[in-house]
Amino acid sequence: MATVYGVNRTKILDPKGNNILDPGLVSGRVRSITDSYVAVALTRGYIYIGPTLPVGAIITEVTINENCTSSNHLTVGTSQNPALFLAIFNTSRNTLSVGPQTVAGANYVVTGTSDNCIVIENSGNVLMTGTIKATVKYIVD
Amino acid sequence: MAIVKGVNRTKLLDPSANNILDPGAVSGRVRCITDTYTAVILASDSAIYMGVTLPAGAIVIGGKVSYAALGTPCPDLTIGDDGDSDRYLTATQTSTAATVVFPNTVGGTNYTVTGTTDNIIKISLSASASGAIKLETMYIVD
Chain A
103 MATVYGVNRT KILDPKGNNI LDPGLVSGRV RSITDSYVAV ALTRGYIYIG
153 PTLPVGAIIT EVTINENCTS SNHLTVGTSQ NPALFLAIFN TSRNTLSVGP
203 QTVAGANYVV TGTSDNCIVI ENSGNVLMTG TIKATVKYIV D
Chain B
654 MAIVKGVNRT KLLDPSANNI LDPGAVSGRV RCITDTYTAV ILASDSAIYM
704 GVTLPAGAIV IGGKVSYAAL GTPCPDLTIG DDGDSDRYLT ATQTSTAATV
754 VFPNTVGGTN YTVTGTTDNI IKISLSASAS GAIKLETMYI VD
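As they're listed, the protein sequences go chains A and B.
Going by my numbering, the first sequence opens with residue 103, and the numbers climb by one from there.
Going by my numbering, the second sequence opens with residue 654, and the numbers climb by one from there.
For the record, the hints were derived by calculation from the structure and aren't laboratory data.
It is possible that some hints are incorrect.
[Unchecked claim] Straight-line alpha carbon distances no greater than 30 angstroms define the calculated DSSO-like cross-link-like pairs of lysine-lysine that follow: (1) Lys239(A) / Lys113(A); (2) Lys787(B) / Lys239(A); (3) Lys239(A) / Lys658(B); (4) Lys118(A) / Lys658(B); (5) Lys118(A) / Lys787(B); (6) Lys717(B) / Lys658(B); (7) Lys717(B) / Lys239(A).
Bound-form chain A, shown alone (with noise of 0.2 angstroms):
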């Protein structure tokens, strides 16, 4: 049987100089975003949502609930990747849709001016109605 340590609890566990974690990377505090859309016949395009992130800025959890008219699809993300965080889903749910749901999305730490921002992709024919609401969780520090 194997016993081995994640990248941060190794760097606890040899405290020097190469190892000093970022803020926020263990026992950071929780921040929360909140934003809603009320979407009346909105055409397929983007839902700009919440503050400018900082770079540096960890992102835990992003949760979004809708009751918008069927045949239409959702992705959440950034501008530079509008599936960062949940990829595409039929919309008409009517209950919570819990990202990141990538690898790649998971405690993704925002770099720069397009990732900074969470993007809601209203990828769908039809024009959509409806109300989204979002919650982001990230730590900075």
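For chain A, the structure is supplied; the task is to place chain B on it using the hints.
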């Protein structure tokens, strides 16, 4: 192709007096209530009040409930408050042990507590129940 913005992002980009956001609406500090209750032949239609009294203005951003199989007949479990007993979680079967995330309603998503009938999280059970229930609720105030 449309490019639109959420209600709060719209206000952030137009920082006028009318657009001042409530504390915590963006970049709010997340707080967490944890509580547990172990039912022993709890009567049908019982209510279980959990955790602290939330302040008006608190935004409930979600949580999860874990429960054992709560017995026979299997009660449905809802999560809400005195104002709306299934505001956060609509009727959920408890025949087998599970962990369920909430809210599963758009109305309960990022719900802002307004007053005296919605400031204590309440679990309701539709039938007699026995077993442990654990609740974690996250909210922001500032």
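Hints versus structure:
For the hint linking Lys239(A) to Lys113(A), the alpha-carbon distance of about 25 angstroms falls within 30 angstroms, and the restraint holds. Between Lys787(B) and Lys239(A), the direct Cα distance comes to roughly 22 angstroms. Compliance with the 30 angstroms bound is thereby established for this hinted pair. Our distance criterion of 30 angstroms between C-alpha atoms is met by Lys239(A) and Lys658(B), whose separation comes to about 19 angstroms. With a C-alpha separation of about 45 angstroms, the suggested pairing of Lys118(A) with Lys658(B) is violated against the 30 angstroms cut-off.
Among the hinted pairs, Lys118(A) with Lys787(B) is inconsistent with the structure: their alpha-carbon atoms are about 40 angstroms apart, more than 30 angstroms. A distance of roughly 29 angstroms separates the Cα atoms of Lys717(B) and Lys658(B); the hinted pair therefore holds under the 30 angstroms criterion. Simply put, Lys717(B) and Lys239(A) have alpha-carbon atoms about 15 angstroms apart, close enough for the 30 angstroms limit, and the pair holds.
In summary, the structure is inconsistent with hints 4 and 5 from the numbered list given earlier, while agreeing with the others.
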